[in-house]
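Order-wise, the sequence lines are chains A and B.
Anchor point for the first sequence: position 30 equals 30 in the numbering used here, and the numbering is continuous, going up by one each time.
Anchor point for the second sequence: position 165 equals 165 in the numbering used here, and the numbering is continuous, going up by one each time.
Bear in mind the hints are in silico, worked out from the structure with no lab data behind them.
All residues carry an ideal CB built from backbone N, CA and C; glycine is no exception.
Keep in mind that the hints are not guaranteed to be accurate.
Said to hold, decoys possible - What the simulated footprint calls covered on chain A by chain B, stretch by stretch (three residues with Cβ under 8 Å from a Cβ of chain B suffice, anywhere in the stretch; the number is not a length):
1) 47 to 55
2) 74 to 81
As the list claims (entries may be wrong) - Part of the chain A face toward chain B, derived, beta carbon under 8 Å:
3) H9
4) R28
5) P92
6) R105
7) G133
8) R160
As the list claims (entries may be wrong) - Selected chain A positions facing chain B (in silico; Cβ < 8 Å):
9) R32
10) R124
11) R190
This is what each chain is made of:
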Amino acid sequence: MSVLLVNAHSGVAEALFDRPEAEGQLRRVRQRDLTAAHFAEASGLITTMYLDQVGFLQHAASLQALLGRGGRWIFSGHMLRPPIPSLGIYVPLPDPRRVDFALTRLYEHPIFAGIDQKALEVNRGVAGFYGRGHNPMPHGATAINGLGPQHLPIDWDWARPDGGHIFSHAGNDFWGNGDDAILHQVLADRAVAWAAGEL
Amino acid sequence: MSILVIHPGTFYHIESLEAPRYAGTFDRLVRPEDLQDVRLEDFRVVLIPCRTPAERMIAHAGRLRAYLDQGGTVIATGENDWAHYLPAIHFTPQETNWWWWLTPGADLGVQITAPGHALFKRLTRDDLSWHMHGWFDVPDGAEVLAVNESGKPILYIDEVTTKGRMILTSLDPFYHHGSHFMPATTRFLDGFLGWMREDLDR
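Same shape as in the complex, but just chain B (with noise of 0.2 Å):
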């Protein structure tokens, strides 16, 4: 038991977790009305997707809390409030352009700052291109992997809040993907989660 995730249960949650392409790389799913039930510390990881709501997450911010103290990780996906639940998030939105791709010629702006990471073994800047739906102000010592169009983190480690690890970002690849729309998330997620199944789950 190595890898649990949170399951909200809309559809594309369902279509991300369940579907063949990924349902082999968790080890457990747990609706957020259930994880008091489950020991956080049995877990490697536990992995928040996109668009949880965070009323359903915000009673378990201790257990959590405590998860990190004692050397946990815990992976946070886009489109969440993340500060809610989870220590020393500052996160300012940005309004998203959804239309960048149509002018031929035009780049997004993500920016991969940490090239000799694991992670980019297997995820290109073209992987992580979709939308930007804003930045972190990241704690001092906090490992930025990659950033948007002004510089400012979309995708950092933070091993200096607690004991343990938050691999945060704001791009938000399990909705597109189980959304059926943008095959650049669907890459991410390839190489995300083989990046995580076999680097952190160890």
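Only chain A is shown next, with the shape it has when bound in the complex (with noise of 0.2 Å):
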């Protein structure tokens, strides 16, 4: 079994996952061709920022199936059409200045394990691409990295009482951030053998 990525946007192929589709880690998926079928044969999901999330919500079901035996899925982008109940609603900041957008390492997740937050936080000295707000944690979810003073949970990792682990990130896709081309592989790496539940 593989992780399924789910492509969504028009001209956007996700390259820095070229090579675990190449060495069968990974089967990309057009959000249009997607079926019950490929959930069933995942063992894990990877879904990025251009998720047409409307259209998701057919495949609710196909996704509790999947976390329900013991699947795993990360989720990038604001969270506005949660298709399992226990997910809230994207919340961004209001009014953000520059320190809203410092990031922390609240918990050593291993996707991020030995990688220093701070990498990520600017691309080209700018902040706010990470992102901007954050999708609200579950109850029982466990916070990986904060944004701003307040820490506010922008990437979550929820192991479900009912199977399988969502992982939440709340901004553009977490994997293209920072300005380090071998720190983006290294995460969209992570980021499949997590969702395969090797990591």
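Taking the hints as your guide, dock the two standalone chains into a single complex.
Below is the structure:
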């Protein structure tokens, strides 16, 4: 079984995932072609910021089933159409200033282990790309990275009582942030490994 | 019923199209996959927002053309592959300088070429200045409203290709506004959608 990557945006092929796809660890499927069988054949799921969240609701049962058998889902983006009960609606920062974009590691999650979160805080010295708000954490979730002085949970991992894990990142796809291309690939590789249950 | 908007469903579309700031501007939102069930001729304007995947629009190219030929208005904003479903689009992407504003005193180079147009009672040059994504070769007779740093069209109105009207821009305001990112894009939508509502919905 491999990790399912839902590709939703025209023209963007998420090149960082080419290698895991070539090595059979990941299967990339256009969202319009997605079927229940793709979920049934997957060990984990990655959706990007380009996900058609309205259309994805039709796959809620398949997603629940994947999670129910212990599968993992990486959600990247602003959650505005939760396909799973207990997931809340994205909360943007109301009037952000530079200090509100500061990132703080709160928990050494395997995806970020050993990576200085500050390396993801800015692109070319400019903060705010990593995220400008948070997806509310379900009860029992673990905050991984905090945003601003309040440490709003911009990244979290939820081990669901009903099975499986959901990893949420509330911003631009986290594997593309910062200025270090090597780090981008590390994060993408780890995302695949984590979603596969191997990390 | 006058303004129909394609709703591709990504978070920036949901925020831009459904949140209170602009929700009242639109009369109906329709998923690309449901467009065949809508009578386009019932609407004054069909709006296709930024980053609408072309693969979800191609099937409707014929109906969009028929709508234009009976006098309809299509608006389409940036980061779209318009040529797959709209006629007479000739677009050249340009490398985007995301960082121009980091240089003190820098100017992205947008120029308004039709300052007397009603749209510019609502928009200034600064409201069009965030990123350049490319430019259009426009048909003879099209009205160019704004150009890039090289004088190439980035916002124009084509009333010559069909009996209707196409308003095209390579600017991508829905994407940035819906991402809570880039205040100029919100100012652009405030002005542009207000103009659309008052001047095109008649």
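Outcome of the hint check:
Taking a C-beta to C-beta cut-off of 8 Å, the segment 47 to 55 of chain A contributes 7 residues in contact with chain B, enough for the three needed, and the coverage statement holds. Coverage of the segment 74 to 81 of chain A by chain B holds [criterion: at least 3 residues with CB-CB distance below 8 Å; count 5]. About 7 Å separates the beta-carbon of A/H9 from the nearest beta-carbon of chain B, less than 8 Å, and the hint is met. Because the closest C-beta pair between A/R28 and chain B is about 15 Å apart, greater than 8 Å, the hint is violated.
Nearest Cβ of chain B to the Cβ of A/P92: about 5 Å, under the 8 Å cut. The hint holds. A hinted interface residue such as A/R105 counts as satisfied when its beta carbon comes closer than 8 Å to some beta carbon of chain B; here the least separation is about 24 Å, so the hint is violated. A hinted interface residue such as A/G133 counts as satisfied when its beta carbon comes closer than 8 Å to some beta carbon of chain B; here the least separation is about 7 Å, so the hint holds. For A/R160, the interface hint is violated, the least distance from its beta-carbon to any beta-carbon of chain B being 22 Å, above 8 Å.
A cut of 8 Å between beta carbons decides the hint on A/R32: the least distance to chain B is about 7 Å, and the hint holds. The interface hint given for A/R124 is met, as the beta carbon of that residue sits about 6 Å from the closest beta carbon of chain B, less than 8 Å. The restraint placing A/R190 at the interface with chain B is violated, with a minimum CB-CB distance near 24 Å, outside the 8 Å limit.
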